[in-house]
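**Student:** Each chain, letter by letter, is given below.
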Amino acid sequence: MTTIASESGTRPVTDYRRDTGHRWQTVLLEIIKYSVLIPLTASFAFPLYWMISSALKVDSQVYTVPPILLPFPIHPVNFIEGWQILPFTRYAVNSVVFYTVPAVAFTVLSSTIVAYGFSRIRWPGRDTIFWLVVMTMMLPWAVTMVPLFITFKWLGWLDTYRPLVVPALFSHPYIVFLLRQFFMTLPEELSDAARIDGASEFGILFRIILPLTKPALAVVALFRFLWAWNDYLGPLIYLRDENRYPLALGIEQLSTRANDVGNFSNGIPYLMAVSTLVALPIIITFFFAQRTFIEGISLTGMKG
Amino acid sequence: MAASTQRVSRYTPQEWRNLRLGLLFVSPWALGFLLFTIYPLLSSLYYSLTRYDLLRPPVFLGAKNYLTLFFDDPHFWNVMYNTIYYVGVSVPFGVGAAFLIANILNSRIVARSFFRSVIYIPSIVPAVASAMVWQFLMNVQYGAINGVLRYFGLPIIPFLSNPGWAKPSLILVAIWAQGAAVVIFLAALQDVPRSLYEAATVDGANIWHKFRNVTIPLTSPIILFNLIMGLIVAFQEFTVPWLLTEGGPMNSTEFYLVHLYRNAFEYLRMGKASALAWILFLIIVVFSLVIFKTSARWVYYGGEK
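Chains as they are written, first to last, in the numbering used here: chain A, 1 to 304; chain B, 1001 to 1305.
Hints are not guaranteed to be accurate.
[As the list claims (entries may be wrong)] Derived coverage of chain A by chain B (criterion: at least 3 residues anywhere in the stretch with Cβ under 8 Å from a Cβ of chain B; other residues may be distant): (1) 26–40; (2) 59–69; (3) 75–87.
[Claimed, not checked] Residues from chain B shown here face chain A by an in silico Cβ test under 7 Å; the list is partial: (4) Gly1022; (5) Phe1036; (6) Ile1038; (7) Ser1044; (8) Leu1045; (9) Gly1147; (10) Leu1149; (11) Gln1236; (12) Asn1263; (13) Ala1277; (14) Leu1282.
These are computed hints drawn from the structure, not numbers from a lab. Glycine is no exception: its CB is placed at the ideal position from the N, C-alpha and C atoms.
Let's have the full structure, built from the sequences with the hints guiding it.
**Tutor:** In structure tokens, the structure reads:
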């Protein structure tokens, strides 16, 4: 009697004894799982590995058959030389000061206020109008691209960052949507108590709600940073003057130069070095804010 | 008089106050909606009926831009074919691959967050940077892939220089950058209650049964979400084809947005470009509606409604 009782206590053992076929299935599945996952992950990682390793080569190490997987000797000086072929420091300043920072600040501030209006104040027609916000999330940007260009040209805003940054003052539907989801989770009593104490709605937003939703703000700021940093089409349309280029257009410019034969040697290593440097802030941010990234992107799929 | 005041004040003073405050808070959005959505939508509809090169004032043409595109522009149908091919292959394969990868990651696995990070990172790297690497990797003469093939004496693959290979090559790059969908799927899979799998095991279900009858139904809303988002993005793919192939070889990667960009900003045909934009808008709406409508048959919304 006692032996039976102790046996049923260790459940996995009884499981295997009852059905050996099941166990084989499990082992086989483990093998399939890893033999799919490992090569798959390796091929996902390879292009970026190739970018970094090629950035450390010189021309004679680039054009070999078979390709050199681990370059030796390495040439880290490419990162400096490649950066200096074109005024990349200026491009970086443009990217950060004129585009990324204002775009993030404007979007987060305006979207916070709008999301508050769509979640923490109960007004007639609110949820109907919110549907319009959701609809605009799905609107193809291609439709508004041409008329916006015509308008911004008419305003004399070509060759400035205004067309890319000023719309951020009017909130972003996707970010409003995410922030609203966060704000809705806070209990209504928080606001009610503050209202009784005579706080204004702005006071409630900035003194009570925002301190409680810092992680949410980090998520949306991170996304907006990513969009601005990675944006290529926007600057391509609005910026002609090379002095105003952001990094994305600078890379393209470098690739055009590198492809003109005879311009300079080590074209590919330089191009890979600069691409690595431009991708680096994103990758570093990812490693520091991994949880924020994953949390934010997971929320994206959540239905309101 | 009395009756009309009654009708006007159907809201209490408190509700009026809330309405005013609510509208105040959402006014940035409302203003932006009018300026950057409604006005451009309407004006692009107007421009699509004109010939406009930004230098001279627009000339009204009626439906001529649309008629020319549909009946007198074989290039347009080529662009359409390229785009449908690209969307039709990259979206189902991309979403399917993302779903399978997420399922593998969701099982008992060592170093899950490492695998997840490696698969996610390509989707956040600047598209320009990844375009540069892929162009290099897929190069016929000195690309790494062909370098390996050449070393083993195998025939080389003209990834970007052959019209038959160019589209699949770009689809490969798109699927490589699908990591966000993997993360979304993984989050959804982790929300599936364990008890359902345990119940299925008790009923003698094998792995396939559980995948088919528990996993798929419970994550179907997210499959739908990823399909529609993937569709909207794929129809408007620009950066990678523009940088890798610039529409070539032989126009085989002249996708919709590449064509639209070219017409608007290289040829300054704002009227034609606006007509193209409206056609794309309607196509995306129709595709999304079709997916939504048919989704009633395969999407499971739990107990809600």
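**Student:** Look at each hint and say if it fits the structure.
**Tutor:** These are the hints, each one checked on the structure:
| no. | hint | result |
| --- | --- | --- |
| 1 | 26–40 | holds (count 5) |
| 2 | 59–69 | holds (count 6) |
| 3 | 75–87 | violated (count 0) |
| 4 | Gly1022 | holds (3 Å) |
| 5 | Phe1036 | holds (5 Å) |
| 6 | Ile1038 | violated (10 Å) |
| 7 | Ser1044 | holds (4 Å) |
| 8 | Leu1045 | violated (9 Å) |
| 9 | Gly1147 | holds (4 Å) |
| 10 | Leu1149 | violated (10 Å) |
| 11 | Gln1236 | holds (5 Å) |
| 12 | Asn1263 | violated (9 Å) |
| 13 | Ala1277 | holds (5 Å) |
| 14 | Leu1282 | violated (10 Å) |
Checked against the numbered hints above, the structure violates hints 3, 6, 8, 10, 12 and 14; every other hint is satisfied.
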